[in-house]
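*Asks:* Required output: the full structure, derived from the provided sequences and hints.
For reference, the chains in residue letters:
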Amino acid sequence: EPEVTQTPSHQVTQMGQEVILRCVPISNHLYFYWYRQILGQKVEFLVSFYNNEISEKSEIFDDQFSVERPDGSNFTLKIRSTKLEDSAMYFCASSEGRGRPLYGYTFGSGTRLTVV
Amino acid sequence: AQTVTQSQPEMSVQEAETVTLSCTYDTSESDYYLFWYKQPPSRQMILVIRQEAYKQQNATENRFSVNFQKAAKSFSLKISDSQLGDAAMYFCAYRSAGEFYFGTGTSLTVIP
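Those protein sequences? They're chains Z and A, same order as listed.
Using the working numbering, the letters of the first sequence map in sequence onto residues 4 to 119.
Using the working numbering, the letters of the second sequence map in sequence onto residues 41 to 152.
It is worth saying that the hints were derived from the structure and are not from the lab.
There may be inaccurate statements among the hints.
Straight line, CA to CA, 25 Å or less: simulated DSS-like cross-link-like pairs of lysine-lysine [what the hints assert, rightly or not]: (1) Z:K45 - A:K110; (2) Z:K45 - A:K113; (3) Z:K60 - Z:K45; (4) A:K95 - A:K113.
Covered by chain A, according to a simulated footprint, are these stretches of chain Z (three or more residues, beta-carbon under 8 Å) [said to hold, decoys possible]: (5) 25-39; (6) 45-51; (7) 109-115.
Listed next, with one range per pair, are the computed distances between beta-carbon atoms [as the list claims (entries may be wrong)]: (8) A:Q97 - Z:P11: 41 to 49 Å; (9) A:I86 - Z:G100: 21 to 29 Å; (10) A:E50 - Z:N77: 35 to 43 Å; (11) Z:K86 - A:E50: 29 to 37 Å; (12) Z:S69 - A:E101: 33 to 41 Å; (13) Z:E99 - A:R103: 25 to 33 Å; (14) A:Q97 - Z:Q17: 50 to 58 Å; (15) A:I86 - Z:S30: 16 to 24 Å; (16) Z:E56 - A:E55: 47 to 55 Å; (17) A:G125 - Z:E99: 27 to 35 Å; (18) Z:E99 - A:Y94: 15 to 23 Å.
Model, not experiment: these values are computed from the prediction.
All C-beta atoms in this analysis are idealised placements derived from N, C-alpha and C, irrespective of residue type, glycine included.
*Replies:* See the structure below:
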């Protein structure tokens with residue numbers, strides 16, 4: 004079964020440093036997403052990306068965050084200057100489309116980011 | 041705005057027994073999808089079951105079934121014959137066109 008792959012599985016970074024989280028979506032998917040889950044809290048939507056541009060973003064996704072699809076296969080989330088409160092599990096997801104078809108929306112296994 | 045509410049932060053069940061996890065949601069959309077995701081200690085998000093709002097029949101996947109009450113905006117998950125491997129966080133989620141909206145989760149403990 005096709006998978007969404009995220010690397011690394013765990014990253015530790017110093018406060019103020021830039022970090023890039025990487026995702027390889029399923030190859031025929033067109034929509035890409037990042038979600039965040041602070042430890043012990045619910046999963047929250049950050050951003051969706053389609054046709055090489057952001058289609059929607061949440062209030063969490065401020066100027067410190069950016070996304071890009073640099074080479075047609077990877078989908079990255081960059082945090083420019085990490086803060087302690089950025090420590091969380093970050094999930095990438097991809098889907099065939101919006102709304103229907105329902106199937107094919109797949110989450111990656113997550114990257115645990117720890118900011119020290 | 042869409043909201044998803046899980047009012048049970050923690051639940052426990054004896055092995056082989058049945059447990060029901062509650063979820064309510066709020067939306068003005070008529071066409072949407074509802075999901076239950078399981079998150080074990082590994083923290084991966086694993087799809088358990090999904091329901092299309094236009095379908096009246098409740099979804100079933102082996103030991104997992106839902107009670108979907110569209111008018112009441114309720115979407116509960118029933119786990120039958122609970123197993124030790126069912127212990128995890130369970131998130132109810134809603135999706136209309138794009139992104140998911142998740143509830144705050146229910147931590148399920150299975151007692152041997």
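*Asks:* So, for every hint listed, does it hold in this structure?
*Replies:* Evaluated hints:
Taken as a hint, the K45 of chain Z and K110 of chain A pair is honoured in the structure, with Cα atoms around 23 Å apart against an allowance of 25 Å. Restraint check for K45 of chain Z and K113 of chain A: the C-alpha separation of about 20 Å stays at or below 25 Å, so the hint holds. With a CA separation close to 17 Å, the supplied pair K60 of chain Z and K45 of chain Z stays within the 25 Å bound. With a CA separation close to 14 Å, the supplied pair K95 of chain A and K113 of chain A stays within the 25 Å bound.
Check result for the stretch 25-39 of chain Z against chain A: holds, 3 residues qualifying (beta carbon to beta carbon below 8 Å, three or more required). Three residues within the 8 Å Cβ limit are the bar, and the stretch 45-51 of chain Z against chain A gives 5, so the coverage statement holds. Chain A is given as covering the stretch 109-115 of chain Z, and this holds because 4 residues of the stretch bring a CB closer than 8 Å to a CB of that chain, at least three being needed. At about 42 Å, the CB distance of Q97 of chain A to P11 of chain Z agrees with the hint of 41 to 49 Å.
Roughly 22 Å separates the CB atoms of I86 of chain A and G100 of chain Z, a value that falls within the hinted 21 to 29 Å. Checked against the hint of 35 to 43 Å, the C-beta distance between E50 of chain A and N77 of chain Z comes to roughly 38 Å, which is consistent with it. With their beta carbons about 30 Å apart, K86 of chain Z and E50 of chain A fall inside the hinted range of 29 to 37 Å. Remark: the range hint 33 to 41 Å for S69 of chain Z to E101 of chain A is upheld by a beta-carbon distance near 38 Å.
Between E99 of chain Z and R103 of chain A the C-beta distance comes to about 28 Å, which sits within the given range of 25 to 33 Å. With their beta carbons about 53 Å apart, Q97 of chain A and Q17 of chain Z fall inside the hinted range of 50 to 58 Å. The hinted window of 16 to 24 Å between I86 of chain A and S30 of chain Z holds, with their beta carbons roughly 21 Å apart. For E56 of chain Z and E55 of chain A, the Cβ-Cβ distance of about 50 Å falls inside the hinted range of 47 to 55 Å, so the restraint holds.
In this structure, G125 of chain A and E99 of chain Z meet the distance hint of 27 to 35 Å, their C-beta atoms being roughly 30 Å apart. For E99 of chain Z and Y94 of chain A, the Cβ-Cβ distance of about 19 Å falls inside the hinted range of 15 to 23 Å, so the restraint holds.
In terms of the numbered hints stated before, the structure departs from none.
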